[in-house]
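2 protein chains.
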Amino acid sequence: MTGRTAEPEVIWARPERAGRGPKPAYSRTDIVAVAVRIADADGIDAVSMRRIAAELGCGTMSLYNYVPRKEDLYELMVDAVSGEYEFPGEPSGDWRADMTAIAHQGRAIMYRHPWLARVMTTAYGFSPNALRFLEWCLGCLTPLDIPAGLKMQLIAMVNGTVMLTVANEQAMAERARGLPWSEEEEQAVRGAYLAGQVATGRYPHLAGLLAEAPAPVDADEIFAMGIARLLDSFAPPVTAA
Amino acid sequence: MTGRTAEPEVIWARPERAGRGPKPAYSRTDIVAVAVRIADADGIDAVSMRRIAAELGCGTMSLYNYVPRKEDLYELMVDAVSGEYEFPGEPSGDWRADMTAIAHQGRAIMYRHPWLARVMTTAYGFSPNALRFLEWCLGCLTPLDIPAGLKMQLIAMVNGTVMLTVANEQAMAERARGLPWSEEEEQAVRGAYLAGQVATGRYPHLAGLLAEAPAPVDADEIFAMGIARLLDSFAPPVTAA
DNA sequence: TCCTAGTTACGTACGCCGTACGTAGTGGGG
DNA sequence: CCCCACTACGTACGGCGTACGTAACTAGGA
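Here the protein sequences line up with chains E and S, keeping their order. The numbers in my numbering rise by one with no breaks, and the one at position 158 of the first sequence is 161. The numbers in my numbering rise by one with no breaks, and the one at position 220 of the second sequence is 223.
These are computed hints drawn from the structure, not numbers from a lab. Every residue gets a Cβ at the ideal spot worked out from N, C-alpha and C, and that includes glycine. Treat the hints with care, since some could be wrong.
[Claimed, not checked] With a cut-off of at most 30 Å between alpha-carbon atoms, the simulated BS3-like pairs for lysine-lysine come out as follows: (1) E:K73 to E:K26; (2) E:K73 to S:K73; (3) S:K73 to S:K26; (4) S:K154 to E:K154.
[To be verified] Partial chain S-side listing against chain E, Cβ under 7 Å, derived: (5) W15; (6) L134; (7) G142; (8) A151; (9) G163; (10) A170; (11) E215; (12) D235; (13) S236.
Construct the entire structure; sequences and hints are all you get.
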């Protein structure tokens, strides 16, 4: 009746299997697990339908019985690793501590899966584990008396800051993958260019900044302080009673 | 003497043309301009060497005389649109106002070039216009008395927040491009799934949030307040004299 | 001045990619 | 029991980035 043009669908609403035909040899979970393993090992660009099928030992096109489109696979991957968040039974009552813990967990997950930060910016929706995550965060924020919209903003900002921080740290390493020279060489050449530019005197402030503070800083500490500052910006610590 | 394996290089250090052969028919600027036009019109995925060459009216492989690798093209594109920042002669002396203006300019640029937010996360380095941007920001922050490292963090956070906000707003629209159904249909189906999940009662906090505050909020205002909050977190406004 | 070497333009080709489509076989519901 | 939805999967198409080879061209050194 309706045109036979494709109907929209969400991967989460699609049932994994129907009851009629032969038993599927694999499961969506298997496929996603292989995809995650490949991405962890060789980068997200190494994840191709052919490669997954090869590692799984099946024909390439068989995968399309489980995953309608490649982009859905990305969503499934993000959801799968989002399941690595571990939440205790109940929020502690200290929303600041809870959110800080969430941020650190998120950071750890993104270190385990260096492709996650990049993919999340594209393939992020209301997947089951995203709902679970959101529900937990909202639970943690119950003691905080601000409008609901602001809470969502806070969650988004914390999440986003984690993503940005890690993405920034990993950008060089990810880019180096597949380049015909090493990451160190790349960094050296880029550093030399930067030094040359600064030496021209066209960037006095930048020169001053590079001259000052060549101290190697601790990434963990910077991260922790950034998150703390962010949380403070939503509810400044009370100064007097 | 050294192995003939590829030497690392930065696109910004590579001279545009040498003196020996015939005059190049195009320029790096031409190529990047075409690439930006294509990306603006049809999305970043539509930017291919073949398409650029076709629109430029030359052979595909000729482009490689100007741009050594596709990834460098992305860097050139980001640098090109980064040149759209317009800075007055001198910072105003009010670092908060200056940074706010920068954030709004950045947002406007990312609206003009919907592909920018996504590409920046991958292809961002110390390009000429990035240095110009950084130098200007540091100039604006001169009145702010915090360590140099913190200033860099502030700039990164402001930039990142702009990116995140815009990327979030654009994610759905970008994803809809190339899908066999419309963005509205997609949104409707996803919304229905979300509603169905919430209706199960498994997400009480989320349900409460959705029930409350169905008021359509103003994106501009949210953005402005987010930036203000962020700036405050680096230097809380003084409350007394 | 002429020669030569470096540069430009670009056609061809290779090995990837996502995925549309057709075919064959299988096993549960009417 | 039998039909048909569903599984598995081979083939093929159009696109991608880009390595490589060739021909034309021109600026610098002899």
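Cross-check of the supplied hints:
no., hint, verdict
1, E:K73 to E:K26, "23 Å, holds"
2, E:K73 to S:K73, "22 Å, holds"
3, S:K73 to S:K26, "23 Å, holds"
4, S:K154 to E:K154, "27 Å, holds"
5, W15, "6 Å, holds"
6, L134, "6 Å, holds"
7, G142, "5 Å, holds"
8, A151, "5 Å, holds"
9, G163, "4 Å, holds"
10, A170, "6 Å, holds"
11, E215, "5 Å, holds"
12, D235, "6 Å, holds"
13, S236, "4 Å, holds"
Hint check: no violations occur; every hint is consistent with the structure.
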